[in-house]
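Protein sequence lines correspond, in order, to chains A and B. Residue numbers for the first sequence follow this note's numbering, beginning at -14 and rising by one. Residue numbers for the second sequence follow this note's numbering, beginning at 2 and rising by one.
Incorrect hints may appear among the rest.
[Stated by the list, open to error] For the chain A half of the interface with chain B, some residues (derived, Cβ under 10 Å), not all of them:
#1 Ser(-12)
#2 Thr12
#3 Val48
#4 Ser51
#5 Gly80
The set of hints was computed from the structure by calculation and includes no laboratory data. C-beta atoms are modelled at their ideal positions from N, C-alpha and C, and glycine is treated no differently.
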Amino acid sequence: MASFNASIRESGTANIIDISGDLDAHTSIELERVIQGLIDKGRTNIIVNFSKLNYISSAGLGVFMSFIDEVRSKGGDIKFTNMPNKIFQIFDLLGFPLLYEIYDDEHKAVEKFQTTASS
Amino acid sequence: MAEEFRAELTIQSSIDQLEKIRGFVSQAAEAFGFEECEGYKIVMAVDEACSNIIRHGYGKNSNEKLHIVIQTTDNRFIVTVNDRGKCYDLRTHPLPDMEAYLTAKKSGGLGIKLIRSLVDEIQYEQSNGENKLVLTKRLPSR
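Using the sequences and the hints given, assemble the complete structure.
As structure tokens, then:
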């Protein structure tokens, strides 16, 4: 198995998934399992922290696309933070910043969920 | 001028081998002189191409092989992928309209778009049951 790990932390109303290693056609099923697990528990305020991610393939990108409608329909969102430049360039190339909020700093994404909850 | 070299790798047609392919290309790209973001592009293009060959060309049959050759000349980093799976010329594949794609929140089908966006040249030929895909990326001029 390629080196990939996804672990969950909570911060305020947000559920932060720290992803590390390589997210490719082989390992993307692990991230699917983690996000589906959060949705099943009604935890749809999701932040994905990319700071330790080395690589993402189109299969990894597809995981976020496959869940975004369901998460938003349940009042939540998937936001991205701390994305290395080499990975951001791929998101940017495909126009993903039009669909997803991407923050430099994880705290800003957490605050955005708090603001949304209190408004 | 970047150092010239040639390297080869043969792997089984299994998606758990993609990490090995990326490591092989990444190391050569760095040695050639690509900066991190440019190196990432050629690594990703090769990864997506090999993933497609394994999943679609070989139909996930892990008993087959892919042979990858990296060659460099002057400012060109050339990766050739040879396989004996179903032939497919990705240069003719219709690309998604990304605005419509994102609006419809589709998933999948981005691999070929990425390959075609990330390299400078794509060549493909098929003969005697062997497919040969050549992806070329040039070192950006400084």
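message = Min Cβ distance, Thr12/A to chain B: is it shorter than 10 Å?
response = Holds, because the Cβ-Cβ distance from Thr12/A to chain B comes to roughly 9 Å (cut-off 10 Å).
query = Any CB of chain B closer than 10 Å to the CB of Ser51/A?
reply = The hint holds - Ser51/A has a Cβ within 10 Å of chain B, the shortest such distance being about 4 Å.
query = Regarding the hint that Gly80/A lies at the interface with chain B, is the smallest CB-CB distance below 10 Å?
reply = Holds - the Cβ of Gly80/A comes within 10 Å of chain B, reaching about 5 Å at its closest.
ask   = Quick one, is the Val48/A hint okay against chain B at 10 Å, beta carbons?
value = For Val48/A, the interface hint holds, since the closest Cβ of chain B sits about 8 Å away, which is under 10 Å.
key: Interface hint status, Ser(-12)/A versus chain B (Cβ within 10 Å)   = Given a least distance of 8 Å, the restraint on Ser(-12)/A holds.
In this structure, none of the earlier numbered hints is contradicted; all agree with it.
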